[in-house]
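Enquirer: Now for the letters of each chain:
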Amino acid sequence: MSTLEECCAARLLIKVRGNLRPHQRPDRILLATPRAIDWMNTVLKDLQTDGFVHGAIRPIQQAGVLFNTFVSGADFEPPLPHEMNPKGNGIWEIRTHDLRFFGWFPMRGMFVISDVNTKAKCLDHSLYAGYATQAANDRITINLMDGRFIDGGLQDVI
Amino acid sequence: MSFDLDLPEKDLASAQFMTTVNRRLIADFLRIAKSKNLTRKQIADALGIDKAGVTRMLRGNANLTTRTIGELCWALGIEPDFHTRDIVIPHNGGAAYVQHQPFTAAPNHLKAIIRKSNGGSESPTVHIFTQDRPAHAPA
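Chains A and B, in that order, are what the protein sequence lines are. Numbering-wise, our numbering puts 607 at position 89 of the first sequence, and it's gapless, one number per residue. Numbering-wise, our numbering puts 1445 at position 110 of the second sequence, and it's gapless, one number per residue.
To be clear, the hints were calculated from the coordinates, so they are not data collected in a lab. Since the model is a prediction, treat every value here as computed from it, not as a measurement. Take every hint as true, because none was put in to throw you off.
Think about it this way: if two alpha-carbon atoms lie no more than 25 Å apart in a straight line, the pair counts; the simulated DSS-like pairs of lysine-lysine are: (1) Lys1345/B x Lys533/A; (2) Lys1386/B x Lys1371/B; (3) Lys637/A x Lys605/A; (4) Lys1345/B x Lys563/A; (5) Lys1369/B x Lys1386/B; (6) Lys639/A x Lys563/A.
Chain B is nowhere near these chain A residues, computed Cβ spacing over 10 Å in every case: (7) Gly606; (8) Thr636; (9) Lys639.
Covered stretches of chain B (chain A as the covering partner; in silico rule of three or more C-beta atoms under 8 Å from a C-beta of chain A): (10) 1350-1363; (11) 1393-1403.
Positions of the beta carbon are idealized from the N, C-alpha and C atoms, including for glycine.
Working from the sequences, and respecting the hints, build out all of it.
Expert: Now the structure itself:
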């Protein structure tokens, strides 16, 4: 069994701090694989919205709001329709206007981002099933808390 | 090792504000439409747009402009009610909020009259909260 500390020390997972503001304190835990962090460090920072939602904020801002909302424990209810989708086998897809995050909840209030890509890439290359499978494989390989995960609805995970 | 996005606090705060306003407005619009048994078709007809346009708005797939918000409020028979509050950062961490008086609210004696003229009930309102950045917070 690997604890959270062991996974972070081995750099299998990296803690996402959520860009907390001065008045905020962490109330949930967000983790990401080095692969997802690399993508955010390289691709995300210069990414522009695909224009499907007129006037949408930049993808990096979309990610910032998502991470901050999650980590600060802010109100996620009610989610926008289709914002958080269980994909089966305990794998979740979390959506912003332009981004798709894939991962799992090892426990309530703790999410691991296995990978992330743009909505456009996921649609154009039919990547949804592949990302869900990859997330399930990551869960086994990383073995955080014995690969434990929550398989339920929104009210079970946040 | 930990990670933060390379995102200035100002950009995050404004993005958060827009997202929160949209999220709460859509939630209220859906709730009110349901409580009044208003279909998306009826809302679309009232606004003179197609049903798909209303669906896009209520799914969060459209950026709600103030004009759109005003039109949706009109179609639903409601009015927004604005409040502001200061963020106060206590020394021991965490945030507290001091809520200001709603500046659009009618005085209590008028509220009673309005209630009476509405047959004893108040119209549902949409609450939009704004937060002031504290003067002592780092830029």
